[in-house]
Amino acid sequence: MASHTLSRFMSSDAVYSFSRSPVAVMSAIVLLVIVLGALGAPIIAPHDPYDLASLDLLDAGTPPVWAADGSARFLLGTDDQGRDMLSAILYGSRISLVVGFASVMLSLLIGVSLGLISGYAGGRIDTLIMRVADIQLSFPAILIALLIDGIARGLLPRDAQDALSIYVLIFSIGISGWVQFARTVRGATMVERNKEYVQAARLIGMGPSTVLRRHILPNVMGPVLVIATIHLAVAIITEATLSFLGVGIPPTTPSLGTLIRIGNSYLFSGEWWITIFPGLALIALALSVNLLGDWLRDTLNPKLN
Amino acid sequence: MASFIAKRIFQSIFVMLAVSFVAFALFRYVGDPINNMVGQDTTLEQRAQLKEQLGLNDPFLTQYLRFVNHAMHGDFGTSYRQRRPVSELIESRLPATLELSFVSALIALAMGIPMGIYTALRRRGVLSQSFMAVSLVGVSLPTFLTGILMILVFGVLLRWLPTFGRGEVVHLGWWSSGLFTGSGRLSLIMPAFTLALFQMTLIMRLVRAEMLEVMQTDFIRFARARGLTERAINFRHALKNTLVPVITITGLQLGSIIAFSIITETVFQWPGMGLLFIQSIGVVDIPVMAAYLLLIAFFFVIINLVVDLLYFAVDPRLRVQGL
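Here the protein sequences come in this chain order: A and B.
Take the first sequence: its position 106, counting from 1, is numbered 105 in numbering that gives the first Met the number 0, and each next residue is one higher.
Take the second sequence: its position 309, counting from 1, is numbered 308 in numbering that gives the first Met the number 0, and each next residue is one higher.
Only chain B is shown next, with the shape it has when bound in the complex (with noise of 0.2 angstroms):
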């Protein structure tokens, strides 16, 4: 086991020292950051001190160290729009992109799995049959349209939702929250259902195929023979030996979710980090999209090593495997 961890571990710093990589080369080729950082006025004289001051006529790989280091640090540098710092300006973008992709994932799991429990045991429902019909229809449709109809609905004709932004935050030190207000929670509810409804589609077909499976194993069929009620066996066999993959693809998923959350941020204009994302790739503002990049590596690299350990913790037969 500690031989497993320890590989993940090192598997992950690599992921994290190549995608740094990139990071860096985005930062250092892609355009010249002595051009975007200057006036038109500042002469040659100055362009070149500019460039020494800032080390970037060291040799590749100091230049590499240093951007890993100031990174490790929390210095992304100067954005060449915002002319702030980028830390500065994901600090305050954060907030809303966690608050919104936790209570995606929170809709997600807590409609996805009672509804992938209820499709696996009335198969022929019809209740059943038309989760089956939505969700097919569900991965058929791209985020931003899902948004754009909630919008239609919700907000232009009923009215009952506000369209774009946060609605009134509450902050907390740095911590900015639209949980506490209620224009907030209102605010959060269609961009929180447009970015769940993808994965909770997703969860419910998981949850219903694998309960299908472990309901022909020879176990279930024991536990009906010594005569369990239903509910024991549905809910304390059958329901646990499902969450193994439940856990993992969730997990992964939240990953995708807080990358998702570009979209559903553009659609809600949503004052997240993928909004800044997209607006600093429209500008080309370099500094701002290898800071994203690298700050969602990360947050997909501690969520993978996270759900490998769960895996620890959930399925006994691994330690034994793993020692």
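The following block holds chain A by itself, in its conformation from the complex (with noise of 0.2 angstroms):
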């Protein structure tokens, strides 16, 4: 059975389409790289960038292997702390890619329960999430999230912030998320809404959530996974935004906009690598993202944009 589910994947179109397309397969490559060395972090990196009792002051600051002082124990150089920043880099880019899953899972959540009920239900309930999504949709996604970033600051009590800034920082770009799949789900569900096999389940006498949850879900999700991964370069790019800012990730946990943030002050003296490296990391992360999310884009619905 599961071979046969394997092959005929394999022939799909989506399959073919892929192998056909070389940006397509080089960003699925680079992202690859990036996820296994993110998950692989502890048992690839060379150092262990939290453990402060194998830092050494007397290392910090040292210019990349390639460089005439470099080291051959730290291929990327070191940051002020004396930190490996390749194995700063593989740690900053985990936490990178979790708080970009788990904003994104929270987007989808949200957008596509509310987009649901908006398009099923109709009327003042579709009125009132619409209404609220315009509002929400007329200010920039970042300014919402540094907003909420902020109240949530004001919330918590001082002593708890450098520990819960990860969950602040993905229900922050959640919820800044929610609108985009609120709305194709919702436009997606009022034209499956009147087709016969929605009105056959509804006449065989099942409930509204389960013709929502088995019927019409699964008829949705094509587009639904187009905007999460165009929407997963946004929360990636997003978290690096405000952790740069100094409002996102502490930098005793550093993601890679924390510690592009804290290479940035030593731009001016020359140590250029501290900022560079995570800065590259994040581009090359974003942009695989980006290319591969257009190119689904394109596969699954050339009519969408």
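The hints are simulated quantities; they were obtained by calculation from the structure and are not laboratory data.
Hints may contain errors.
As the list claims (entries may be wrong) - Computed cross-link-like contacts, DMTMM-like style, restricted to lysine to aspartate or glutamate with a CA-CA straight-line distance of at most 25 angstroms: (1) B:LYS50 x B:GLU87; (2) B:LYS6 x B:ASP307; (3) B:LYS239 x B:GLU212; (4) B:LYS239 x B:ASP217; (5) B:LYS6 x A:ASP125; (6) B:LYS6 x A:ASP293.
To be verified - Anything over 12 angstroms on all C-beta distances counts as not near chain A; from chain B, calculated: (7) PHE13; (8) LEU55; (9) HIS72; (10) ASP74; (11) GLN81; (12) ARG121; (13) TRP173; (14) ASP217; (15) ARG220; (16) ARG225; (17) GLY273.
As the list claims (entries may be wrong) - Stretches of chain A that chain B covers, calculated by requiring three or more beta carbons in the stretch to come under 8 angstroms of a beta carbon on chain B: (18) 137-149; (19) 235-246.
Remember, it's a predicted structure, so these values are computed and weren't measured experimentally.
Idealized CB from N, CA, C, for every residue including glycine.
The two chains are supplied separately, each in an independent frame; assemble them into the complex guided by the hints.
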């Protein structure tokens, strides 16, 4: 059974179009390398950046290995604390990916639920949800995320802020991104609602929640997948931006954005590698996810934009 | 048309009320306002007296209405950290942000539209292809990284441009401008380009897509059949018809430019409202946050309204439909 499903998948249009698109294949490889590096960070990373005892200030500011006074122990050099940049980037991309995925999941959960309800129920509920969506959409997502982050900081006790910052970030980025999901799902639901299979399901006595979950949801997931992919890039960049602005992940467990922030102050003294390498990792991550999202959009639905 | 405008104005007022409600809730319920205003050695009676004086014991609605009333008169309270009226802080920071935003918008338009036209007319050209490739990278490049890369190249390596601040400013009444001094203009170059880059790629792609679409339409073929020159077809007929969506997006983008200036201002330590806002989030300075929120919402609402009205001016079909 499983091999049958696999062979069907391998001969599908999606796989064919994937193998014919060099851009998609390249992006997938880059993304895979980053994800594997992040997942395997504890095994691959030459040093443990969280282990403060292993840091030696004498190693601080070592340039990358190919520079004149570089050291083979630190391939990409070290930061101001003597932390190995390569290890910090591996661990950092872990946090960036976790925050990105989790916040997209949250946006997806909220957006798809509200979109289904809005499109299926119609009437006042629909108007209310869509009005809220309109208002939120008239402000840039980053501003909403910043605001929620700021409010959460005010509400949380000061000593718990650093420990909870990752959840605060996931929450604020998640909330800032639900609208696109809700709008798309609402539109698709309104189309599906009047189709015969839905009427048949209602006729045999299924309740609204069962109809929505079992019948409509699977039929609106295509565009949701595309939005989720493109949104992953947005979420990763938003996390990096907030961390760079100093309201995201604290320097004790740095994400890519935090690493760039730390390095930014050393740019002027010539220690460019502290900023540039995490920056390159971030660009590679965001660009590959974006390109994959573009490819997925063209493949699943050429008309969707 | 009148009913459309009335509806839009009504909607704008609704948005402002909703935002002011959030701002008020923020101000009143996040952290204790009294604790933030007084020192450690203030007695309980003094605190209670201050609370009564400020009207914090009044019913919720009364407090909210008072907040809105004060805000409409430009009174946003006193900053918890800087002990100065928030309106004064904002007034001193506003010119920096607006100058940066408008110059960026101009750059984005002045470069984005011609690049869009060019890439649409010479689709296969080497220059067009490279514009498109660069724009793809531009979309994936976070604003703060663009800024850092520019600082590294033009500030640290080449030492051509100043990397932080506004340079010398000239005071015109309460407005401070960096446009009239050499160092002010030099300081503006990198922040303005950083902020403009993303919008520029967006406008370029939009103009290109619209131009390509319009070039397929019958009236362009008819214009060809009439034997008009390429120039007249491209600019008098095609370009004119691409401008409606361009106006909308540009208008809406002007709002995001002001919001995204938060990031640019942080990278270049540009003394504008965005930097003030980020600093106030860091130290939970609620009155500043609330005021910034209201002001940005106000800008957005006004911009949206103007964009809607511009539609009528640009597209005569809407006027007929609206009647």
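>> Need the list of violated hint numbers for this structure, in ascending order.
In response: 6, 7, 17
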